[in-house]
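Those protein sequence lines, which keep their order, are chains L and Z.
Residues 0 to 599 in numbering that gives the first Met the number 0 are what the first sequence lists, from first letter to last.
Residues 0 to 122 in numbering that gives the first Met the number 0 are what the second sequence lists, from first letter to last.
Do not rely on the hints blindly, as some may be mistaken.
[To be verified] Okay, the calculated bits of chain L under chain Z, using three or more residues with CB under 8 angstroms as the criterion:
hint : segment
1    : 156-169
2    : 187-198
3    : 226-235
Derived by calculation from the structure, the hints in this document are not laboratory data.
These figures come from a predicted structure and were not determined experimentally.
We treat Cβ as the ideally placed atom computed from N, Cα and C, and that holds for glycine.
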Amino acid sequence: MISPPTPDVGHARRAPVRADPPTPVRVVRSIDPVLAVTAVALTAVIQLWLIGLWSADPRAMTDLGLTSLLGWPTVASLLVLTASFFFALVRRARELVLAAHVLTLILLVHGTPAVLFGTLRYAWAWKHLGIVDYILRHGSVDTTIQNLGVYHNWPGFFGASAFLAELAGPENLIEISIWAPVVFNVANLLALCLLFRACGADRTRTWLALVFFFITTWVGQDYFSPQALGYVLYLVLIATVLRSFRRPPRLLAVLSPTRRTALPLALVTLLLVAIAMSHQITPMIAFLSLAVLFAFRQTRGWYLPVIAFVAMAGWAWTGARNYTLTNLTDLLAEFSNPVANAQSTFDKSATIRGAQYLVSFAGRAVIVIVVLVAIVGVVRLARRRQLDGSVLLLMLTPGALLFLTAFGGELLFRVFLFASPFLSYFAAAALTVGRRPGTRPWRVALPAVLLTSVLIPFFLLAYYGKDQQNYFTPDEVAAAQWIADNTVPGTLLVRANTNYPHDFHNYEYVRNVDISAEDEPDRERILADPAGVLSHWLDDPDHTRGFVLITRSQKIENDSVGPMPPGAVQRIEDALAGSALFGEAYRNGDAVVFVLAEAP
Amino acid sequence: MSGKDSRPRPLRTALLVLVSTVVVVVLTVIAPAWLRVPAVVLWVLLVPGLPWAVRMELEDRGDTVAVAVAISMALATVVGGGMAALGTWSPLAAVLVLVLAALCALVPGPPVRRHHDLQENHR
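Chain L with its partners taken away, still in its complex shape:
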């Protein structure tokens, strides 16, 4: 930087009377070195990532998923990103600079499937499109419908998506849903900033916690789904409660005037109602969190858990009455059964094969590492009497869900998901607490860099590890579209399993039967004589039309996680193709639709 010249006072005193007009001082602003390093680094990060995946073919994924396509340039890209982030953190760069790093991470991790696959990832996301499609065609939901009735009973997310689709054009809905993970994660970033600040985290702890969150939360609930929406709303809800309803220390409570809480209370109520209309499990965790915070005297306002309960129970008994009444027995059976509810998650991974063991191990390793580091954070904070009881309670409360529901065998994932922000907070605290004023910043950064370097490979394996199953080729989408276009009310659709782009259009016309969902003796009967058994099913006069759909991704899922032996779906396809009982109604490179052959 060129400094402005200092005036020579003594010389000025002796100066002649004639004074020259003051010369304009030319100040050249130097470029902030951290900003310059960031700009260069992030450009390199994106270029390396693009080089690494430029010619990648998603069809070439092995059973390690998208991880199998990541070469050395993508590894280098992540190393540069990590180095640049910690450089910016220790040099106390502006928060926008730090945010640029986390946004780049989100874009790389969650934008890559969108760009590389070009089709919507996850079979479940396609099913969610089907509910939006139903609303667009009917202008309402049908809470008594049998197939996917739960979504009709909690229509908040689907109604909002249908509204968005009306404005953006229904033909663009798939494109919107492809990019939903990026949008939801950016929203999570904003919400988590708010939350960590509300937890009292300083700048370093906030950004460390943010990075830990985005490299540990691999459970993949950020796709086009009600839970992704509910999660953003939950984070802002908790942040608002911690900011506006936290109980002040006793002395401060005497001195402080009553805080105005009308606006925050209105916000909390709105968020709770939106959550209650959208999802089943998020309202439970919201209610539990608010109740625990109040019960342990962390927050004021007895009415907060009451509002949460009224919103949750009110919707369950009004808007979702049909589903609640029909499934009350099942819901009560899961109540107070924590071991069985937890076991249901492990049962889901009991049939995995091959490299999926490694993927499952990676996911569990991430959880174990972050939990251990978080425990260190809790202990270090407690020793220094800096432990925030609210944050600790919020980390532990999701565990209570084990007493309430099994949630279709996904409960442990959800428990981790809801504990994750607070685990990340304590993990960051483990590395930042107790810093003396003179501590060199690298003494904080080095352990964080090491931890990040260990977590990222496990995270990528856990997050991308199932993408061989989750990716659908354009040919598979075309076959699914053919089915959707050729169904009429009363159509029977037999499929190997649900892993294909299913139920996204005219879904209520179809009765789906999955071979994988049959009992084992029935599956064995089908495998012994596929054409004979399936022709009998399709011949049922109760159905107006009958199709058997076999796709590439159905085969991949069965070969990876069962339940039938590897190659079983291919054997079914071969048997139908060679049978005189069946004809092909549609075929492309990745899918085939069989119908009963017409009688000669």
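Use these hints to put chain Z onto chain L, whose structure you have.
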């Protein structure tokens, strides 16, 4: 993420809401998908909640955006889900309800007491 806060300017915020709504409605009719989709998504995710978030007078711009996004998402959920549940589907009415909900934040009310104001009182 950071930035100095600014006191709410109701007229400016009202103009922002109304002009952005008109622009988005026009874009839904004439614009190609590459322009229409991001504009609509941005509007739905930000505009309805922005006046309320500004009114909360948070100390950080990033926090204001976070709250604006959450309020916008929640409003779209309640309005869209409510219409679907009640069988009263009308996207135009939904836009009007969201704009009205946004403009309600501009009705004058008691000033928000900020965190740092409270700290001043404690000293």
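Status of each hint after checking the structure:
1. 156-169: This one holds; 12 residues, not fewer than the three required, reach chain Z with a Cβ under 8 angstroms.
2. 187-198: Holds: 5 residues of the segment 187-198 of chain L have a Cβ under 8 angstroms from chain Z.
3. 226-235: That given contact holds, which follows from 4 residues of the segment 226-235 of chain L lying within Cβ reach (below 8 angstroms) of chain Z.
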